[in-house]
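Trainee: Heads up: the protein sequence lines correspond to chains Z and R, in order. Just add 1498 to the spot in the first sequence (first one is 1) and you have this note's numbering. Just add 10 to the spot in the second sequence (first one is 1) and you have this note's numbering.
Simulated from the structure, these hints should not be mistaken for laboratory data. Quick caveat: nothing in here was measured; it's all calculated off a predicted structure. Fair warning: there could be bad hints in the mix.
[Stated by the list, open to error] Pairs of lysine-lysine residues, derived as DSS-like cross-links and limited to a Cα-Cα distance of at most 25 Å, are as follows:
1) Z:K1534 <-> Z:K1563
2) Z:K1646 <-> Z:K1501
3) Z:K1747 <-> Z:K1643
4) Z:K1534 <-> R:K39
5) R:K160 <-> Z:K1533
6) R:K136 <-> R:K186
7) R:K96 <-> R:K107
8) Z:K1643 <-> Z:K1618
9) R:K96 <-> Z:K1645
10) Z:K1525 <-> Z:K1618
11) Z:K1745 <-> Z:K1645
12) Z:K1507 <-> Z:K1646
13) R:K63 <-> R:K175
14) Z:K1501 <-> R:K175
15) R:K96 <-> Z:K1643
16) Z:K1525 <-> R:K96
17) Z:K1563 <-> Z:K1501
18) R:K186 <-> R:K108
19) R:K96 <-> Z:K1533
20) Z:K1563 <-> Z:K1646
21) Z:K1533 <-> R:K107
22) R:K39 <-> R:K96
23) R:K186 <-> Z:K1646
24) Z:K1534 <-> R:K65
25) R:K108 <-> R:K39
26) Z:K1618 <-> Z:K1563
27) R:K160 <-> R:K175
28) Z:K1643 <-> Z:K1709
29) Z:K1533 <-> R:K108
30) Z:K1525 <-> Z:K1645
31) R:K186 <-> R:K175
32) R:K96 <-> Z:K1563
33) Z:K1507 <-> Z:K1709
34) Z:K1534 <-> R:K107
35) R:K65 <-> R:K175
36) Z:K1563 <-> Z:K1533
37) R:K96 <-> R:K108
38) R:K39 <-> R:K175
39) Z:K1534 <-> R:K108
Each chain, letter by letter, is given below.
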Amino acid sequence: MRKDLLGIKDLSSREIEVLLETAERFKEVSEREIKKVPTLRGKTIINLFYEPSTRTRTSFEIAAKRMSADTINISASSSSVVKGETLLDTARNLEAMNPDAVVIRHPFPGAPHMIAKEIKASVINGGDGAHEHPSQALSDLLTVKEKKGRIEGLLIVIAGDIAHSRVARSNILAFKKMGAVVRVVGPPTLIPYGIEDMGVEVSYDLGEAIKDADVIMMLRIQLERQKGGFFPSLREYSALYGLNLEKLKSARRDVVILHPGPINRGIEIAPEVADGPYSLILNQVTNGLAVRMAIFYHLLGGKE
Amino acid sequence: MARARIIMDGRDIERTLTRLSHEILERNKGAEDLVLLGIATRGRFLAMRIRDKIKEIEGIEVPFGVIDPTLYRDDIGRTTTQPPLKEMEIPLPIDDKKVILVDDVLYTGRTVRAAMDALMDFGRPKLIQLAVLIDRGHRELPIRPDFVGKNIPTSLSEEVRVHLKECDGVDEVVLKERDEG
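Same shape as in the complex, but just chain R:
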């Protein structure tokens, strides 16, 4: 039986996303030229929530899309079965835009690397920033987030699961022991 501990509940997540939205606006001096791109699957919903919050704060609807890094992964062909492809939806030319990549958990950094490579195939953004709900450490690539919801020190035997209403029915962040096998 794996131990599981809730480290953020729905209200924590809401407050954190509100702060992240303000930070994104502060750093970029407003919402002009911003594009929010969620990394499939859960990054999409976080990006949508941040878009809604920015609209409340600034009155501007920031363009939003979804990016699927699967075809750019560095472990493609190293697993016994191929991972399923997810959605890809880049709503507008991203040339000279400020792209905010949004994901739920930052871990090794390999997904973000793949997402950035995918993004470059769609154009040349002015800059890319990374916003994550959870940073759990253990980076394997020189990648750092620009906006962090919560830093959670973890051991390699643990895993962090973000559950969101849109796809899991509930908002919470759970820390648990990795299932063996």
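Chain Z extracted, bound-state conformation:
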């Protein structure tokens, strides 16, 4: 395959299909009593995280371990970053220890791309600013495909803070590549200008937007990125754009609900919805692990 996985943008629909098919098979490994295969024995994978993360980092780590690779976790707060080392210097020093893959999460868009050019190891984008989060989008594709049996022709509604969301961006690209129709909905201040150029429909009314949706993907209000006053108050946001049982009444009976986590209970999604029968939030986590195993399998396997 390729050396790096930097974004959905670079992948062909065939490559996405291969990754999803592989991930479906890998789910079986995690259901065994001995959850380990020797496939990546002797490989070293570094998780380099410059932003907090529970799900993604743990998921990449467990994925690597179930395939017998050795993993090392580095988080910015406990590394030489606090001493002033540049990202590139950190990457070059890690490279000198000869890892086979580096998973990087960084607040700046394009950080993984820069590293990928500089080091021989495979680079996997674990989320770069508001740019891309490819492994999350692949998990979401797998979750929808599993439940609906297909992606093509479905209507996917992505709701909430589109402007700050790498999950939204990667998912728009991913679902469109696989033939779905994508609609984004949120307050005008959180919908980027010109997003129609990505080939999506735009709506500002959540209740209207979800009426004919096959999939509703709620996004987290990123409290840590909300200093610009994009909406008057969380309470108002929740009233207009939070998904609760009342709003859900207008949706189709076979709709499914996704959320990349972590959820803000009672803000963008009501607890009854997050824990309800339409929710696939925990399936996304299970599938995320299988998808990351598939990513490692294809990236670390091929030899020139």
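On the provided structure of chain Z, position chain R as indicated by the hints.
Mentor: Just chain R now, kept in the frame of chain Z:
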């Protein structure tokens, strides 16, 4: 143009599988504790046919599953693209069972080695036996089959293809020159 020769037809394959089923039962003194595991892809269908024959002979339905050795292969990471994963379906705990691995062609023995390693991750069978439709020689590992349908001496420039109705539409075994490149 590669020369191809049919060395077994559908009736040959049926007769051979009938004999293999009897041999498996004879060697194991019945069908008790047996588990048939086909090596994906074609071993699966051969294992299913042997299961059906054992049921006809003995009246017992032997548990059956599929094992995919891909993640245990010794050439993983040595090829330009990774091989696709196949199905894996172990229907029951295999501890203390007599596991019969079933495959279409035995060649280097590397697939069987990988399948046995995969199997060990699922438990500790009482014993493992190997049943193959074709043994074409050229072993690279100390592995031998317990039940052989047909021994076919081959040269390294030849290949043996087993076609089965379930996935190829026809039952036959073909010997042909390896395609160049």
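Trainee: With reference to the structure, classify each hint as holding or not holding.
Mentor: Outcome of the hint check:
1. Annotation: proposed proximity of Z:K1534 to Z:K1563 holds, straight-line Cα distance about 7 Å (limit 25 Å).
2. Proximity of Z:K1646 to Z:K1501 is assessed by CA-CA distance (about 31 Å); at most 25 Å being required, the pair is judged violated.
3. Between Z:K1747 and Z:K1643 the alpha-carbon distance is near 24 Å, which keeps this suggested pair within the 25 Å criterion.
4. Distance check on the hinted pair: Z:K1534 and R:K39 sit about 35 Å apart at the alpha-carbon level, beyond 25 Å; violated.
5. Distance check on the hinted pair: R:K160 and Z:K1533 sit about 38 Å apart at the alpha-carbon level, beyond 25 Å; violated.
6. Simply put, R:K136 and R:K186 have alpha-carbon atoms about 38 Å apart, too far for the 25 Å limit, and the pair is violated.
7. Restraint check for R:K96 and R:K107: satisfied, since their Cα atoms lie roughly 24 Å apart, inside the 25 Å limit.
8. For the proposed pair Z:K1643 and Z:K1618, the alpha carbon gap of about 34 Å is over 25 Å, so the pair is violated.
9. With a C-alpha separation of about 21 Å, the suggested pairing of R:K96 with Z:K1645 holds against the 25 Å cut-off.
10. With a C-alpha separation of about 29 Å, the suggested pair Z:K1525 and Z:K1618 falls outside the 25 Å cut-off, and the hint is violated.
11. Using a Cα cut-off of 25 Å, the hinted pair Z:K1745 and Z:K1645 holds, with the two alpha carbons roughly 22 Å apart.
12. A C-alpha spacing of about 24 Å is found between Z:K1507 and Z:K1646, which places the hinted pair at or below 25 Å, so the restraint holds.
13. Restraint check: the Cα-Cα separation between R:K63 and R:K175 comes to about 17 Å, which is no more than 25 Å; the hinted pair holds.
14. Of the supplied pair hints, the one linking Z:K1501 and R:K175 is violated, its CA atoms being roughly 39 Å apart against a limit of 25 Å.
15. Distance check on the hinted pair: R:K96 and Z:K1643 sit about 19 Å apart at the alpha-carbon level, within 25 Å; holds.
16. A distance of roughly 12 Å separates the Cα atoms of Z:K1525 and R:K96; the hinted pair therefore holds under the 25 Å criterion.
17. For the hint pairing Z:K1563 with Z:K1501, the CA-to-CA distance comes to about 20 Å; that is within 25 Å, so the pair holds.
18. Restraint check for R:K186 and R:K108: not satisfied, since their Cα atoms lie roughly 35 Å apart, outside the 25 Å limit.
19. Of the pairs offered as hints, the one joining R:K96 and Z:K1533 holds, with about 17 Å between alpha carbons and a cut-off of 25 Å not exceeded.
20. For a cut-off of 25 Å, the pair hint linking Z:K1563 to Z:K1646 is broken: about 30 Å separates their Cα positions.
21. Our distance criterion of 25 Å between C-alpha atoms is met by Z:K1533 and R:K107, whose separation comes to about 21 Å.
22. Note on R:K39 and R:K96: the hinted pairing is violated, with a Cα-Cα distance of about 33 Å set against a maximum of 25 Å.
23. For a cut-off of 25 Å, the pair hint linking R:K186 to Z:K1646 is broken: about 44 Å separates their Cα positions.
24. About 35 Å separates the Cα atoms of Z:K1534 and R:K65, which puts this hinted pair outside 25 Å; it is violated.
25. Between R:K108 and R:K39 the CA atoms are separated by roughly 11 Å; this keeps the pair inside 25 Å, and the hint holds.
26. For the given pair, Z:K1618 sits about 22 Å from Z:K1563 by alpha-carbon distance, which is consistent with the 25 Å threshold.
27. At most 25 Å may separate the alpha-carbon atoms for a hinted pair to count; R:K160 and R:K175 meet this at roughly 19 Å.
28. In summary, the hint linking Z:K1643 to Z:K1709 is supported, as the alpha carbons are separated by about 21 Å, within the 25 Å threshold.
29. Straight-line distance between C-alpha atoms of Z:K1533 and R:K108 comes to about 23 Å, which keeps the hinted pair within the 25 Å bound.
30. A distance of roughly 15 Å separates the Cα atoms of Z:K1525 and Z:K1645; the hinted pair therefore holds under the 25 Å criterion.
31. As the CA atoms of R:K186 and R:K175 are separated by approximately 20 Å, the hinted pair is consistent with the 25 Å bound.
32. Only pairs whose Cα atoms come within 25 Å are accepted, and R:K96 paired with Z:K1563 is accepted, the gap being roughly 21 Å.
33. In summary, the hint linking Z:K1507 to Z:K1709 is not supported, as the alpha carbons are separated by about 29 Å, beyond the 25 Å threshold.
34. A distance of roughly 22 Å separates the Cα atoms of Z:K1534 and R:K107; the hinted pair therefore holds under the 25 Å criterion.
35. At most 25 Å may separate the alpha-carbon atoms for a hinted pair to count; R:K65 and R:K175 meet this at roughly 20 Å.
36. Distance restraint check for Z:K1563 and Z:K1533: the Cα-Cα separation of roughly 9 Å lies within the 25 Å cut-off, and the hinted pair is therefore satisfied.
37. Of the supplied pair hints, the one linking R:K96 and R:K108 holds, its CA atoms being roughly 24 Å apart against a limit of 25 Å.
38. Between R:K39 and R:K175, the direct Cα distance comes to roughly 31 Å. Violation of the 25 Å bound is thereby established for this hinted pair.
39. Restraint check for Z:K1534 and R:K108: satisfied, since their Cα atoms lie roughly 24 Å apart, inside the 25 Å limit.
Hint compliance for this structure: hints 2, 4, 5, 6, 8, 10, 14, 18, 20, 22, 23, 24, 33 and 38 are broken, all remaining hints hold.
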